[in-house]
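Residue numbers (the working numbering), protein chains in the order written: chain V, 1 to 401; chain B, 1 to 333.
Watch out, some of these pointers could steer you wrong.
DSS-like, lysine-lysine: derived pairs with alpha carbons at most 30 Å apart [stated by the list, open to error]:
id	chain 1	residue 1	chain 2	residue 2
1	B	K99	V	K213
2	B	K45	V	K213
3	V	K247	V	K356
4	B	K45	B	K109
5	B	K214	B	K45
6	V	K258	V	K321
7	B	K239	B	K314
8	B	K287	V	K213
9	V	K213	B	K109
10	B	K272	B	K239
11	B	K138	V	K213
12	V	K213	B	K96
13	B	K213	V	K213
Note that these hints are calculated values from the structure, not bench results.
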Amino acid sequence: MTAQLVAPKERKVAQKRIALTGNHAVALAVKMARVEVIAAYPITPQTPVVERLAEYVNNGELDAEYIPVESEHSAMSAVIGASAMGARTFTETSSQGLYHMYENLPIAVGLRLPVVMGMAVRTISAPINVWGDYSDVMAMRELGWIIYVTQSAQEAFDTVIQAYRVAEDSRVHLPAVVAYDGFWTSHVLQPLDVPEDEEEVVRYAPITRSWVKLDVDNPAQLGAVGTPEWYWEIRWQAVEALRTSLKVIQEADEEYGKVFGRSYGILTPYRLEDAELAIVAYGSIFGIVKKVVDRLRREGVRSGALKLRVLRPWPGDMIKKLLEHVDKVAVIDRAINHGGPLYGPMAVEIAATIQKPVYNVLATIGMRAIDSDMIYDAAVKIHRGLWAPNTPYTVGLRGYE
Amino acid sequence: MKAAEEYPGLYEYANFELPQEELFLPGHGLCAGCTIGVIARHMLKVLGPDTIVVNPTGCAEVSTVVYPRTNWAVPWMHVAFGNGGSVASGIEAAIKVLKRRGVIDPNRKINVVVFAGDGGTADIGFQALSGMFERGHKVIYVMYDNEGYMNTGIQRSGTTPFGASATTAPAGRKVPGNVTHKKPMAAIAAAHGIPYVATANPAYVHDMVYKFKKAAEAEGPSFLHILQSCTPGWRFEPKYAIRVLELATETGYWVNYEIDHGEFRVTLPVPKRKPVKCFLELQGRFKHLKPEEVEAIQAVIDRDVEEINRIVGKEVIGPVDPSLPCITPRGAR
Ligand SMILES: Cc1ncc(C[n+]2csc(CCOP(=O)(O)OP(=O)(O)O)c2C)c(N)n1
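Given these sequences and hints, build the entire structure.
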């Protein structure tokens with residue numbers, strides 16, 4: 001409901017309501033963005049995206065080159081090559097596939113190529129587990145990519161389109177990843193609104209080709225050796241571009257709201273205004289987190305929630321402002337920061353941002369199911385002072401708490 | 001493979017004029033006596049300005065494009081070590097779709113070249129190369145083979161020959177240097193069924209440039225395996241950079257051939273061979289070899305030559321003639 005809360009009422013563009021899984025919603029967004037080169041390698045749970053895109057291309061519904069590469073390392077390499085040539089590109093992966101790409105991820109940043117990647121998140125081996133948690137995308141935080149984390153099929157669809165507009169903006173020129181829950185979003189059929197006229201999407205996010213390209217009429221060298229005299233300055237431009245992108249992300253989201261009637265903000269606060277206890281979360285579980293907030297409120301606990309939508313660039317000032325007045329902040333992390341200062345990556349970042357201890361809650365690891373009762377129990381423990389801040393707590397793990 | 005037709009004697013020399021224009025510019029940081037520059041320069045003379053070069057990590061990359069300078073007057077791109085084939089696949093695919101969408105003039109012929117070392121081709125980049133061949137991208141893949149990881153200081157690669165001393169396969173008391181044999185990259189490339197594969201040697205420039213031309217004309221992927229002499233890696237005096245490459249061919253260690261749509265042809269016949277010791281002796285990396293080890297290398301070459309003659313159907317590479325001097329004075333050949 002959050003999306004609708006923020007969105008302006010009037011809808012400029014005619015839309016139709018359909019039902020799609022998260023994966024197929026992403027594939028549709030990619031098609032509507034008139035992507036030009038797709039490089040694809042299957043891995044659960046994202047595979048239906050690249051399968052659907054192959055159908056679009058083979059049926060003539062999308063005029064693109066589809067490269068069925070032989071690995072994710074090559075998938076990322078091929079979209080880097082195609083993007084360097086000036087094409088709008090897409091690839092998608094999960095889990096081990098991302099780790100197999102890893103070497104090339106910072107290269108897309110350093111070359112300032114607006115590659116857009118989807119990610120149906122999945123945990124990492126070992127033991128092998130094909131189910132959803134956020135271990136994969138969290139491993140991208142240091143690389144310079146724009147990182148979106150979305151809650152639903154609709155949000156994933158809308159965000160892929162926004163991502164093209166942001167990545168290709170001449171103030172940005174950075175790659176972007178759009179993540180969503182493996183299975184809980186990727187494989188669940190959900191209703192979503194999509195523009196009736198696909199042209200609206202390219203009108204909103206036209207292919208700019210404004211980045212530095214391989215052009216035989218204007219030869220440039222992409223990826224030259226950066227000696228100590230130069231590397232830092234060049235890299236710093238990417239740092240600055242990522243910082244600047246926050247503004248562009250916001251603009252793109254607001255403009256999207258005006259055209260398509262849905263916007264999400266950089267962060268989604270829920271009943272935070274007077275909260276004494278806040279639950280920070282990301283991905284599809286935000287729906288049940290809101291239920292917990294409502295229940296706690298009914299029981300007299302002034303609670304609220306905050307959904308993280310953009311992890312990079314980190315919207316630190318906004319988070320600080322939203323959580324300033326909150327006494328107790330719990331962060332539900334869905335990935336493990338093995339041996340870290342806190343055991344959840346977002347717990348670490350929120351704690352560093354608000355400069356207060358946080359309640360470090362791990363949940364859904366390896367897609368262990370949780371329900372709102374379990375989050376409620378955790379929140380009650382925090383509220384009653386039964387849990388200590390800066391200590392890892394687990395929800396749903398047998399034999400531990 | 002079909003045996004070659006009547007061999008015309010010399011290969012088709014000077015079938016086309018090379019332009020004066022230099023697209024591989026002077027002022028690079030390659031070693032004295034390095035033949036990478038010879039290959040790159042002639043490659044661009046043939047391919048011309050409408051060429052995009054993908055250059056995986058290695059000597060060529062670190063020595064020619066140190067920001068803010070460059071030796072390449074064409075668009076050039078480095079991504080990583082192991083992905084020349086897949087980066088080029090993406091570029092080639094992008095050119096296709098951008099032509100269809102009218103962003104690039106559909107009549108414009110743009111060459112996409114991968115210029116990669118032996119490690120980036122035969123080892124870490126092998127998968128990306130194979131994928132590129134399999135999918136049929138129209139890319140010219142040029143492998144300059146200095147027979148080791150020279151950029152990181154002479155470690156062995158999949159194309160380091162038997163007996164060569166490398167820092168990760170040093171000649172020791174137990175083992176005489178590298179104990180594996182050179183990976184037959186041209187044959188492996190040809191096994192993918194791609195339209196054009198050739199071996200070349202910068203000591204025979206006309207043969208090499210002709211092969212660049214044929215590679216550019218191929219209607220699918222093409223692969224050129226080019227021997228490249230390396231002063232520090234092979235340990236010879238810089239003045240022998242071309243001489244050592246000549247000896248590679250004159251001894252039958254290296255045979256220049258092409259496989260054009262499956263048709264195998266030796267493009268540089270050697271009626272009488274010099275013993276391989278002529279090639280080995282000039283180089284420090286083989287200095288430790290005992291006579292019986294040199295004999296073993298000679299035996300392998302003899303076998304390879306026999307096989308090539310069998311494929312061609314006649315003796316294109318002749319027998320060893322021990323009376324030939326190792327170093328032939330210039331002009332006497
Ligand atoms: C790096 C990485 N990419 C993708 C996958 C997903 N994946 C698991 S099995 C598989 C296909 C295996 O195919 P094949 O080797 O032919 O064996 P088969 O399933 O046919 O027995 C893929 C793509 C993975 N596990 N790791």
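Checked hints:
The hinted pair formed by B:K99 and V:K213 meets the criterion: a straight-line CA distance of about 15 Å does not exceed 30 Å. In summary, the hint linking B:K45 to V:K213 is supported, as the alpha carbons are separated by about 23 Å, within the 30 Å threshold. This hinted pair checks out: V:K247 and V:K356 have alpha carbons roughly 26 Å apart, not beyond 30 Å. Proximity of B:K45 to B:K109 is assessed by CA-CA distance (about 15 Å); at most 30 Å being required, the pair is judged to hold.
This hinted pair checks out: B:K214 and B:K45 have alpha carbons roughly 14 Å apart, not beyond 30 Å. Distance restraint check for V:K258 and V:K321: the Cα-Cα separation of roughly 26 Å lies within the 30 Å cut-off, and the hinted pair is therefore satisfied. With a CA separation close to 35 Å, the supplied pair B:K239 and B:K314 exceeds the 30 Å bound. Using a Cα cut-off of 30 Å, the hinted pair B:K287 and V:K213 is violated, with the two alpha carbons roughly 48 Å apart.
Our distance criterion of 30 Å between C-alpha atoms is met by V:K213 and B:K109, whose separation comes to about 17 Å. Restraint check: the Cα-Cα separation between B:K272 and B:K239 comes to about 25 Å, which is no more than 30 Å; the hinted pair holds. Between the alpha carbons of B:K138 and V:K213 the distance comes to roughly 20 Å, so the proposed pair stays at or under 30 Å and holds. A distance of roughly 16 Å separates the Cα atoms of V:K213 and B:K96; the hinted pair therefore holds under the 30 Å criterion.
Among the hinted pairs, B:K213 with V:K213 is consistent with the structure: their alpha-carbon atoms are about 26 Å apart, no more than 30 Å.
The structure does not agree with the numbered hints 7, 8 stated previously, though it agrees with the rest.
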